Amino acid sequence: MKQEKKILDEKAPSDGMTVPEGYFADFAARMALSLEKTEFEEQAHQPIAIKPRTFWERIRPYAYMAAMFAGVWCMLKMFTLMTANPDQVVPSPTLSKALANETFVNEYVMPGIDQFDIMSQMMDEGFDLDQLDQEDAATAADADYDLNATESLDFEQDNE
Amino acid sequence: MSEYPRENPELIERLRQPAQCRQAFTEVISQYSEPLYWQIRRMVQNHDDANDLLQNTFMKAWQSLENFRGEAKLSTWLYKIAINEAISHLEKERKRLDLSIDDEASHLAQLIEADEHIDGDELAKKLRKAIATLPEKQRLVFNMKYFDGMKYEDMSQVLGTSVGALKASYHLAVKKIEQFFEDND
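Protein chains in written order, with the numbering used here: chain A, 18 to 177; chain B, 896 to 1080.
The reader is advised that the hints may include incorrect statements.
These stretches of chain B come out as covered by chain A in the derived footprint (C-beta under 8 Å, 3 or more residues) [as the list claims (entries may be wrong)]: (1) 925-937; (2) 942-949; (3) 957-967; (4) 1006-1019.
Cut-off 27 Å, straight-line C-alpha distance, at most; resulting in silico cross-link-like pairs (DSSO-like, lysine-lysine) [claimed, not checked]: (5) B:K1046 / B:K1070; (6) A:K54 / B:K955; (7) B:K1070 / B:K1040; (8) B:K955 / B:K1046; (9) B:K1071 / B:K975; (10) B:K968 / A:K54; (11) A:K54 / B:K975; (12) B:K1040 / B:K1071; (13) B:K1032 / B:K1046.
Here are a few chain B residues that sit away from chain A, every Cβ distance over 10 Å (derived from the structure) [said to hold, decoys possible]: (14) P904; (15) I976; (16) E988; (17) R991; (18) L994; (19) D998; (20) E1031; (21) Q1033; (22) K1046; (23) Y1047; (24) S1051; (25) T1056; (26) S1057; (27) G1059; (28) H1066.
Hints were generated in silico from the structure; no laboratory data involved.
Just so you know, these numbers come straight off a predicted model, no measurement behind them.
Cβ atoms here follow ideal geometry from the backbone N, Cα and C, with glycine treated the same way.
Between the sequences and the hints, there should be enough to build the whole structure, so can you do that?
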């Protein structure tokens, strides 16, 4: 048993098995010869097919560049609109020219007009003033009703 | 017996190149045929069966070379294929001879007795018989650790078992072999 136990403690254990002489050298040579051609190996001999470029592939860089410039332009436009001073009068050559024209001022700018002139012109053009009065009355009645409703609601809330 | 060759990154890279894979694989056969042979032989005990299974191992490795991505060690990958081949062979033999797992030990003992390729060391033969009594997985663990000196971490990758379980398995295997020696003294 001592000797048997010793075999388990040996540093270079042996199981007593052997192989025919020259087996491993022979095996490697035989095995290398018996390897069949695989699909993976054949990939090396296949020419790399160059796919023709489609129309979109050809114009794609230019389309992307155009989209980029459009984006930059939109950003600048937005920035200008957001930072513009609303009080600032933009000098317009068309408006300056129009105001310098005396005929334009006489025809389109009417500083002396008043409400009576407007009513007279409306009557001349056949507008029914009675209808206008009725519409005014209806609008005023609606406004009163809303006002009363709001007041009564306030009153109820106060009571509560 | 035979130590596993060190991992060679240049060889692995060549294995992944379709133009160079054949030459590289021939080198793999030269380097790994011996350690893989002994691993298989210790499982199946018979030289002729071990020879056939070793051929199948390299054939399968060659056919699935495209799937080897180099993430696992080359030796681990080859070891896995070899062990699967050996286990499948033992299962087929069990079915063919209608053997139970318990009967397998005596069948393997018969193969050891009939083996022509031995050096006549009676103690070594007894050790082989003792190993043959172990369950399949314990036998694998014992062979890898005792004969190949494989690290538990590497064994864990090959067998898909935790390091702790492998240590326990090896410890049990040694105890059983010692018990076998005691019983057959």
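Going through the numbered hints above, which ones does this structure break? Give me the numbers in ascending order. none
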